[in-house]
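Construct the entire structure; sequences and hints are all you get.
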Amino acid sequence: MTRLARYGHGVDTGVSIPFTFDGKPYCGHPGDTLASALQANGVRVMGRSFKYHRPRGVLSADSTEPNALMEIGTGAERLPNTRATTQELFEGLSARSQNRWPSLGWDVMALNDMLSPFFGAGFYYKTFMWPASFWEKLYEPLIRRAAGLGRLSGLPDPARYDKATAHCDLLVIGAGPAGLMAALTAGRAGKRVILAEEEPLVGGRLNGEAIEIGGHSGLDWASGIRDELQSLPNVTLMLRTTVTGAYDGGTYGALQRVADHVPNPAEAPRQTFWNIVARHALLTSGAHERMIAFANNDRPGVMLGSAVRTYLHRFGVVPGQRVAVFTNNNDGWRTARDLLDAGVTVTALIDTRADAVPDLDCPVMTGAQVVNTAGRLGLERLTVAHSDGSRTQVNANVLAVSGGWNPALHLGSHMGARPVWRDDIAAFVPAGDGVPGLRAAGAAHGDFSTHAALQNGAQLAADLFGQDLPDIPQAEDAPTTITPFWHVAGKRAWLDFQNDVTVKDVQLAHRENFRSVEHMKRYTTLGMATDQGKHANVPALAIMAELTGQSISDTGTTIYRPPYTPVQIGALAGRQKGAHFAPERRSPAHAVALKAGAKWVDAGLWKRASLFPARDEKYWRQTCDREVLMVRNNVGVCDVSTLGKIEVLGPDALTLLDRVYATGLATLAQNRVRYALMLREDGLVMDDGTVTRLGQAHYLLSTTTGAAGQVLSHLEFCAQCLWPELDVQIAAVSDQWAQFAIAGPKARTALEGLLDGAVDLPFMGYAPVRIGGVDARLFRISYSGELGYELAVPARFGAALFATLIKRVASLGGGAYGLEALNVLRIEKGFLTHAEIDGRVTLDDLGFGRMGAAKEDFIGQEMAHRPGLGGLQLVGVKPAGVVRQLTGGALLFDLEDAPVRENMRGHTTSVAFSPVLGHMIGLALLQDGRARIGEQLRMVDHVRDVTTICEVVSPVFIEQTGGQGNG
Amino acid sequence: MRIDCPNCGMRDSGEFTYLGAASLMNRPTGGAGFHAYVNLRDNPAGEHAELWQHSAGCRAWLRVVRNVSSHRVLAVELAREVAR
Ligand SMILES: [Zn+2]
Numbered sequence: 006m007t008r009l010a011r012y013g014h015g016v017d018t019g020v021s022i023p024f025t026f027d028g029k030p031y032c033g034h035p036g037d038t039l040a041s042a043l044q045a046n047g048v049r050v051m052g053r054s055f056k057y058h059r060p061r062g063v064l065s066a067d068s069t070e071p072n073a074l075m076e077i078g079t080g081a082e083r084l085p086n087t088r089a090t091t092q093e094l095f096e097g098l099s100a101r102s103q104n105r106w107p108s109l110g111w112d113v114m115a116l117n118d119m120l121s122p123f124f125g126a127g128f129y130y131k132t133f134m135w136p137a138s139f140w141e142k143l144y145e146p147l148i149r150r151a152a153g154l155g156r157l158s159g160l161p162d163p164a165r166y167d168k169a170t171a172h173c174d175l176l177v178i179g180a181g182p183a184g185l186m187a188a189l190t191a192g193r194a195g196k197r198v199i200l201a202e203e204e205p206l207v208g209g210r211l212n213g214e215a216i217e218i219g220g221h222s223g224l225d226w227a228s229g230i231r232d233e234l235q236s237l238p239n240v241t242l243m244l245r246t247t248v249t250g251a252y253d254g255g256t257y258g259a260l261q262r263v264a265d266h267v268p269n270p271a272e273a274p275r276q277t278f279w280n281i282v283a284r285h286a287l288l289t290s291g292a293h294e295r296m297i298a299f300a301n302n303d304r305p306g307v308m309l310g311s312a313v314r315t316y317l318h319r320f321g322v323v324p325g326q327r328v329a330v331f332t333n334n335n336d337g338w339r340t341a342r343d344l345l346d347a348g349v350t351v352t353a354l355i356d357t358r359a360d361a362v363p364d365l366d367c368p369v370m371t372g373a374q375v376v377n378t379a380g381r382l383g384l385e386r387l388t389v390a391h392s393d394g395s396r397t398q399v400n401a402n403v404l405a406v407s408g409g410w411n412p413a414l415h416l417g418s419h420m421g422a423r424p425v426w427r428d429d430i431a432a433f434v435p436a437g438d439g440v441p442g443l444r445a446a447g448a449a450h451g452d453f454s455t456h457a458a459l460q461n462g463a464q465l466a467a468d469l470f471g472q473d474l475p476d477i478p479q480a481e482d483a484p485t486t487i488t489p490f491w492h493v494a495g496k497r498a499w500l501d502f503q504n505d506v507t508v509k510d511v512q513l514a515h516r517e518n519f520r521s522v523e524h525m526k527r528y529t530t531l532g533m534a535t536d537q538g539k540h541a542n543v544p545a546l547a548i549m550a551e552l553t554g555q556s557i558s559d560t561g562t563t564i565y566r567p568p569y570t571p572v573q574i575g576a577l578a579g580r581q582k583g584a585h586f587a588p589e590r591r592s593p594a595h596a597v598a599l600k601a602g603a604k605w606v607d608a609g610l611w612k613r614a615s616l617f618p619a620r621d622e623k624y625w626r627q628t629c630d631r632e633v634l635m636v637r638n639n640v641g642v643c644d645v646s647t648l649g650k651i652e653v654l655g656p657d658a659l660t661l662l663d664r665v666y667a668t669g670l671a672t673l674a675q676n677r678v679r680y681a682l683m684l685r686e687d688g689l690v691m692d693d694g695t696v697t698r699l700g701q702a703h704y705l706l707s708t709t710t711g712a713a714g715q716v717l718s719h720l721e722f723c724a725q726c727l728w729p730e731l732d733v734q735i736a737a738v739s740d741q742w743a744q745f746a747i748a749g750p751k752a753r754t755a756l757e758g759l760l761d762g763a764v765d766l767p768f769m770g771y772a773p774v775r776i777g778g779v780d781a782r783l784f785r786i787s788y789s790g791e792l793g794y795e796l797a798v799p800a801r802f803g804a805a806l807f808a809t810l811i812k813r814v815a816s817l818g819g820g821a822y823g824l825e826a827l828n829v830l831r832i833e834k835g836f837l838t839h840a841e842i843d844g845r846v847t848l849d850d851l852g853f854g855r856m857g858a859a860k861e862d863f864i865g866q867e868m869a870h871r872p873g874l875g876g877l878q879l880v881g882v883k884p885a886g887v888v889r890q891l892t893g894g895a896l897l898f899d900l901e902d903a904p905v906r907e908n909m910r911g912h913t914t915s916v917a918f919s920p921v922l923g924h925m926i927g928l929a930l931l932q933d934g935r936a937r938i939g940e941q942l943r944m945v946d947h948v949r950d951v952t953t954i955c956e957v958v959s960p961v962f963i964e965q966t967g968g969q970g971n972g
Numbered sequence: 072m073r074i075d076c077p078n079c080g081m082r083d084s085g086e087f088t089y090l091g092a093a094s095l096m097n098r099p100t101g102g103a104g105f106h107a108y109v110n111l112r113d114n115p116a117g118e119h120a121e122l123w124q125h126s127a128g129c130r131a132w133l134r135v136v137r138n139v140s141s142h143r144v145l146a147v148e149l150a151r152e153v154a155r
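These protein sequences, in sequence, are chains R and A.
The first sequence begins at 6 in the numbering used here and counts up one residue at a time.
The second sequence begins at 72 in the numbering used here and counts up one residue at a time.
Just so you know, these hints were derived from the structure itself, not from any lab.
No false leads were mixed into what you were given.
SDA-like, lysine to any residue: derived pairs with alpha carbons at most 20 Å apart:
no., chain 1, residue 1, chain 2, residue 2
1, R, 834, R, 923
2, R, 168, A, 85
3, R, 168, R, 245
4, R, 168, A, 127
Take a look, some chain R residues computed to stay more than 10 Å from chain A by CB distance:
no., residue
5, 17
6, 81
7, 157
8, 158
9, 197
10, 394
11, 524
12, 599
13, 739
14, 773
15, 820
16, 873
17, 902
Just so you know, even glycine gets a beta-carbon here, dropped at the ideal spot from N, CA and C.
As structure tokens, this is what we get:
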């Protein structure tokens, strides 16, 4: 099929673009959509419907399209459910139809259509109810196979996506006559304007009409305005950009299709998702034409009248030689007139209004209705019923239907506001204050004439910014003349094309008492497909109103939620996927650990070294055991930079800390360290760590790696919200200091000669030291029970110090150790982590029952003593029978009890193999645990299927010896 | 949602961390009030005074009055100023 001469302003017929559809090659032109190019090539069937697999063609020429959904691209880049009406053609585009097998022309599942009497509304609810056990095995797989339109590739999406933020004084949503005038008015006033347009060109409906503005063609007028807008530095025109959501605080989501129309986008993202923050916004999104429901109105060739005009004017395509028009308002006349002007044969104009007097040079039937259509895989003829009861057959392969217009009001409902029905235009309009800061103008507001759009757009923008109204060019100002007409009585008249919902389904919902619009929607699935019922909702509730004898206003409407059109998850994720899903935190000594052969483990956002395997070690346990014994017998060095570090300074620092920690700190002398716990206000333990008194009114806290942020926020909350009178400053210094533990009997030797001065610290002592002239901090603390130091230097010296320490301990026969060994060492000593401090334990549970008893008031003190709190006490467990395995998170039972949940006595929290003891050990929380030391229990891990007889022991597995810890 | 931090100006809610009702600022001094302080909260479908921290900004704790149905922010104050 060729293009009409003098038509098709949107396509460049001088250039041909090859593409394929279902493997077959075709040609189109730059400016084509996939839908226009296919129609120009005579392709009518573009998909199969969801439930009945009926052949379907193009209905619309915009993003509301329910039928022509395709898979674009191949392999990992395949994108399903793409609307052929918005997909711009590019060289080499490969499209496939969906929901058909084996081919579009012959689809096996079309059998469903024969069985349609059984597949009506509520079919799933009625059929797949019983027995319950059939759901998982039979019904769900069955439904899943039958359901769904396009197929995902199942492969990672290789495309790039971006996220971006923009700010403006005025966001204009839609660049039709109203939007262009609004943007121009605000732009000329110097305001920052973003004009977002879904299509690749400005003008809106002007692109599909023969409308004049100010004596010029509407197109020339629109491009003139576009040129002026683009010359204004304060105006940003965003084409191919759909505003998808309206949110609180003047924020809007918008999807920009940056490279969906480009064959080889190279570095460009496929799409960018924008967060637009706008002081004001105007909804100038126009209106969507409605279908009329009549028997077999889903046959390919039955289209919206406005779409037929768009294909004619913008693309130069008439998708058939003989066109009929079916209308309930004067818009249908416009379709017939434009087609006649183009020399197209109009075989009939069928107007439902008996009193209509169209002045057209074609057969006119007034007071008439289309009652059926016929044709194999596409429209060939239709049956018209006249008011006197007689019937006529009309030959047509295109039927242009005009059922009136629905304002594109969706964004106005995104914060929950219900649209308002207007009888005079037979349509819903957006509620005035539905989204603060958002106002509608033009057709989106129910003012359908071109003049009204120009006037309203300019007026609203002028009012917002206190500007004078610019000159409004002359344009048509026809009043809306519609007699509501929703459906023709008869069989199988489609409302929702995508979800296959007919008038009969709405009638069934009514009979079965699913009459509220919300119930009807869910019972019939009307409006629940990817087009969100943009065509189906209003006719369906008009029919429900008819059936219930209520007005449409009283029947009400469902509301709309974001997104306005489907948004790929990839676009919402932007670059935050894979390794970029979250930032990665690395210790200052990361590179040194890497060079030393570290294996890594994630600890929150941190990468921590878990093991430093020696060359001959094949299994992680070999490495872990060696590292543990190295610390116990010799010396090891471990990067503990990830621990949270917070400095608290000021005259009232002690007062604050004494109220925050359960541990008494008043007696903490300068240059001393104390192990300390803090509670939540509900009396449960929040975190543990150390408090070091660096100076008279200067403290340094350490927190566990994972709780650093929470503890900092908590301290700031206490200082700002509870006790603002305290003169205290809080500074997070975790990133400022690199810190290393040096542990083992030879720890002191390892440090000798490293520091500028002697190393002589008591247990739990602190000293400011210098290393090569650099200020450093030395702590005599131990998380392993061995003689231990922690040495901190400014972060930029961390790598150098770690390398030096590794060299020093190596010369003594030691080495670096990782998180695995650190964990074994602390379990052997019964030291805590957040596996034990799990948000459910009290001080007493952990064996610190007397802590804080002498204090006046601290966070959590009051609630720590409420009745019923706690009861699971920290103990150790070790295997006592034939099975030697312990697992973390396993349940503990009395020997005589059945291992079922109600008999549970406690659970294991941390387990490890102790190379010193030669068997597994575990920490556990156990009812009355301290009283049960020496008894036997059954540990059952129902997940890993392990049952072990254990003995309850002290949580300290390795007693202190002369050379260790506090020696 | 956007919150107008008294220190930093209007910022996206993503920069802030929510804690809970602003009643958390009224910590009791005696024992009796703690049950209500820790456990009891109003749950209005409308205006609600809350604590937010500008955690990705100046780290100030803020007392924010917000309509939880519409997310409209009605007032923002520095919690330190309110507590004084
Ligand atoms: Zn701030």
